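Visitor: Assemble the whole structure, with the sequences as input and the hints as a guide.
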Amino acid sequence: MPLFFDKYFQCLRTGEFFMWDYCGHSLDIARLRGATYADVRAMHIRQRDLTTKNGKVGTLGQSETIGLGIRVVMNGAWGFASTDLLTRDGVAACAAQAVGIAKASALAKKENVKLAPEGSYVDSWQGPCEKDPFEIPVETQFALLLAVDNAMRKVKSVTLTETDMQFRKIDSWFASSEGSKIHQRRVISGCGIGATSFKADAIQKRSYPNSFGGQYALAGYELVESLNLLGNAPRIAEEVVALHSAAACPQKTGTLILGGSQLGLQIHESVGHPIELDRVLGQEANFAGTSFLTLDKLNNLKYGSSIVNVVADARIAHGPSLGTFAYDDEGVPAQCTDVIKDGEFRGYLSSRETARLVGLNRSGGTMRTESWNRLPMIRMTNVSLLPGEWNYDNLIADTDDGILMDTNRSWSIDDRRYQFQFSTEIAWEIKGGKIVRMLKNPSYSGITTEFWNSCDAICDAKNWTLWGTPNCGKGQPMQTMGTGHGASPARFRNIKFGAAFSNE
Amino acid sequence: MSPAKTKRKLTKPGEKNLTAHGPSAGPKVRGENELRAIADTVLRLAKSRGIPETEVHVEEIVSALTRFAGNTIHQHVAEQGITVSIRTAADSRTARVTTNRVDEDSLRAALENSLSLAASQPKDPQLLRMLPRQKYPRVNRYIPATALLSAEDRARAVKRVCDLADKRGQDAAGIFESGQTHSLLANSQGLTAAYRQTQAEFSVTFQQGSAASWAKANGADVRNFDPQKLAQTASDKAILAQNPIELPPGHYTVILEPAAVLDLVGFLFYDFAATAVQDKRSCFAERMGKAVFGKNISITDDAYHPAQLGAPFDGEGYPRQQVSLVEKGVLRNLVYSRRSGKVAHTNPTGHGFPLPNEYGEAPLNLVVAGGSSSIPEMIASTDRGLLVTRLWYIREVEPYEKVMTGMTRDGLFLVEHGKVTRSVRNFRFNQSVLEMLRNVERLGEARRATGEEAFEMVVPPMKIGNFHFSEATKF
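For the protein sequence lines, the chains are A and B, in the order given. Taking the numbering used here, I'd label the letters of the first sequence as residues 1 to 504. Taking the numbering used here, I'd label the letters of the second sequence as residues 1 to 475.
Quick caveat, the hints were computed from the structure, so don't treat them as lab data. Remember, it's a predicted structure, so these values are computed and weren't measured experimentally. Backbone N, C-alpha and C define an ideal beta-carbon position, used for all residues, glycine too. Heads up, a few of these hints could be off.
Claimed, not checked - List of simulated lysine-lysine pairs, BS3-like, C-alpha gap at most 30 Å: (1) A:302 to A:252; (2) A:53 to A:199; (3) A:53 to B:280; (4) B:167 to A:109; (5) A:56 to A:114; (6) B:159 to B:229; (7) B:280 to A:56; (8) A:56 to B:47; (9) B:342 to A:56; (10) B:123 to B:342; (11) A:56 to B:123; (12) A:110 to A:297; (13) B:280 to A:199; (14) A:154 to B:229; (15) A:462 to A:440; (16) A:302 to B:474; (17) A:109 to A:297.
To be verified - Covered stretches of chain B (chain A as the covering partner; in silico rule of three or more C-beta atoms under 8 Å from a C-beta of chain A): (18) 75-83; (19) 93-103; (20) 158-169; (21) 195-209; (22) 367-374.
Guide: Written out as structure tokens, the structure reads:
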């Protein structure tokens, strides 16, 4: 083959035509070797990371990964193999390996794998993205981050400033032995800033718009432009310094108002994880844990007060977040599932296999994979608390004695998702319907169902934000997944404050 | 190739690239020579492009994992992948681009991309030139017995564990993982560093009713642990863990098994980084030379300890040094990258992360010196206390006193009058690690420990006074 033709061929070999060819060929090989079901995901993931620290560039990197993973059922058992060797021989060997692994799995099999029925789909879908972040010059992105970093550093007694941006473009090609062929493109953008102050014997930190990386969404660079990082930089820098001289959060039982981002994480930990059916069925018992939501609790548990309504909604109509897609990684269309309806527990997150195990007609469409080399597993989509009716100012005015906590600092919950403890970066004391002073080192703790049953007010849709959580870890090998959590500030009664900083 | 032709050749479809270890084996491992060829290509392209400095890190990971729950295999996976990470430096600017496409055009594109990214930022006058050739101590962490472990081998071992659970009316869940990593770092200044290791891990949880217990081991050599023995331990403890009583939260004497020690002490790893101290976000900021722990605590970082894994060089190719971090409770040293070493006017210790990064460095091979006690002796010496199997969901509450929160999990037992008497409902702790390591009453033999929250370390079991449990959960 002439050299120029070889080069031309290599440039094209990871194009869409070839990806479909690899998917189809690997399915053919799996079938020929006896697999009774197979699905394959070819993925191409591009990522850009930028950070600054103390006015200088920290990280500047870009990466891409491309490959294919195939999952098969053979002899009634699962096998999965993945490869980055994107040639016909490479993906054929990968398919053959998956079948061989499934045969080995059958050595310790109790029941044959059975899947809930699902249609087959041929489709192509692209998530919203107005401004491709990979087309925005890095100079422009750094100019903003460095300006924000400098704005925070201008505040005296700030000892560390950090900013970050991350962008991902994920193309996936899904095909199954049942006839589905689905291409999806999702662009994810995220950014955040933080100021730290060390003084005497304490380290305080403030972040915007959220901690641990900031806000993430299924969006292009327009997300960054919408967040006004520069306008918020001086405020958080001033707050972090002020925290040193603020009063400590009291240790007592009282009324708690949670800001939206902290409530988003509360939903993630105390609703999102316990409703995962693989946890409920014991499949995650060795690592992530199990769940207090045993099967007898479905339609038979007052999870929260009557104003609490939670859905798991992957549809774009819910909003463009990290749990938004058109099809999950089993080829099941995005759906909205009632999780808590008027306070009652109504639904789990399911896959085709777990849906059948518990007698559901259909998967809820929540199987997702981090990359081509990982098995899809049940993951949260957008698990959101639906808005209530309260105007935010009215909620504060209606609170005689309470504490408003905002921006997560630490989170922890037991392996069945009962007992939790959260601390936040900052809190505000409310007296007589007014915010009267800043509090440092706030924390609260409780039992999941007691907490949600104590909710007596939820703010309206004007205050509702769909928060993106980019760092949810689960599975062995570990996979990191993005999830979405819509929330508006809400009020909870009789909550225990201050245990994290108590020594009693 | 049509299936019919394949049959006539007496090979099954998809077998062409398989290794000789059976149908569940993956494609051939590329190995050091192929990694070196990729690195040479990148450096050749960079030289012809006139790039002043180029660094390339090529890594191949081959891994497989058998996962079981409810006494059956429910997930069983294999992966093979290569990454090529290229860093260019020119005119006091640097950037990194990573790809898993290894054809020449893709490598050239990655190189150009790195150069373009590097040029898109302000100059960094503190950027150091890349390292010239270095010498490294030899380590042998590649064990063929681990590399050859097949899906069938793992499945048969898992089957024996599931049979034990079936026999005892228990539910077993866990993993058996094996694999190998090949890594090569080279740069345009003549540095070349190669490393390979195998790794195997077995972890199991046994559940009996609502009670559970757990055991885990890992290392380079799969022959160094016995899945059946680990399963037996977890199974026996799950029986003991039944019918837990509820105790009030408060301060207790605790006996922490090595995994529990690891998962708490492991959170200190980044505090020992010079960059973290310079940034004043470490609990050791302004504490150098001070007694931070009790006199019975000494901590080193030692990549050459026989129970450790990892390469003998850091992200820039600097040879890893053994560093005595804490001597008899006194903070004596930190670990340094080349950059943080220069800031502090001291030598680097070979703990730097790949550049560019804002975190600097960290010790990844901590060794906490042990003592002469043992867990049975600790129990025998305890009038009233708690034996802790492992900890879970540990997070930092307060960074300067290093207050950590988390839960006990999979086996919390009451010790009374020198004996384990009852299972206890799980507690939440809020405990300063600095204070905890001032309250260590007894230390056992240090050994490689593995948990779920921190990197593997060599740590002893510890008996600790006045450990703070703040709340209890419902099981």
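Visitor: State for each hint whether it applies.
Guide: Structure-based check of all given hints:
{"no.": "1", "hint": "A:302 to A:252", "verdict": "holds (26 Å)"}
{"no.": "2", "hint": "A:53 to A:199", "verdict": "holds (19 Å)"}
{"no.": "3", "hint": "A:53 to B:280", "verdict": "holds (13 Å)"}
{"no.": "4", "hint": "B:167 to A:109", "verdict": "holds (16 Å)"}
{"no.": "5", "hint": "A:56 to A:114", "verdict": "violated (55 Å)"}
{"no.": "6", "hint": "B:159 to B:229", "verdict": "holds (14 Å)"}
{"no.": "7", "hint": "B:280 to A:56", "verdict": "holds (17 Å)"}
{"no.": "8", "hint": "A:56 to B:47", "verdict": "holds (29 Å)"}
{"no.": "9", "hint": "B:342 to A:56", "verdict": "holds (17 Å)"}
{"no.": "10", "hint": "B:123 to B:342", "verdict": "holds (18 Å)"}
{"no.": "11", "hint": "A:56 to B:123", "verdict": "holds (9 Å)"}
{"no.": "12", "hint": "A:110 to A:297", "verdict": "holds (26 Å)"}
{"no.": "13", "hint": "B:280 to A:199", "verdict": "holds (9 Å)"}
{"no.": "14", "hint": "A:154 to B:229", "verdict": "violated (60 Å)"}
{"no.": "15", "hint": "A:462 to A:440", "verdict": "holds (28 Å)"}
{"no.": "16", "hint": "A:302 to B:474", "verdict": "holds (17 Å)"}
{"no.": "17", "hint": "A:109 to A:297", "verdict": "holds (28 Å)"}
{"no.": "18", "hint": "75-83", "verdict": "holds (count 9)"}
{"no.": "19", "hint": "93-103", "verdict": "holds (count 9)"}
{"no.": "20", "hint": "158-169", "verdict": "holds (count 3)"}
{"no.": "21", "hint": "195-209", "verdict": "holds (count 4)"}
{"no.": "22", "hint": "367-374", "verdict": "violated (count 0)"}
In the structure shown, a violation is registered for the earlier hints numbered 5, 14, 22, in ascending order.
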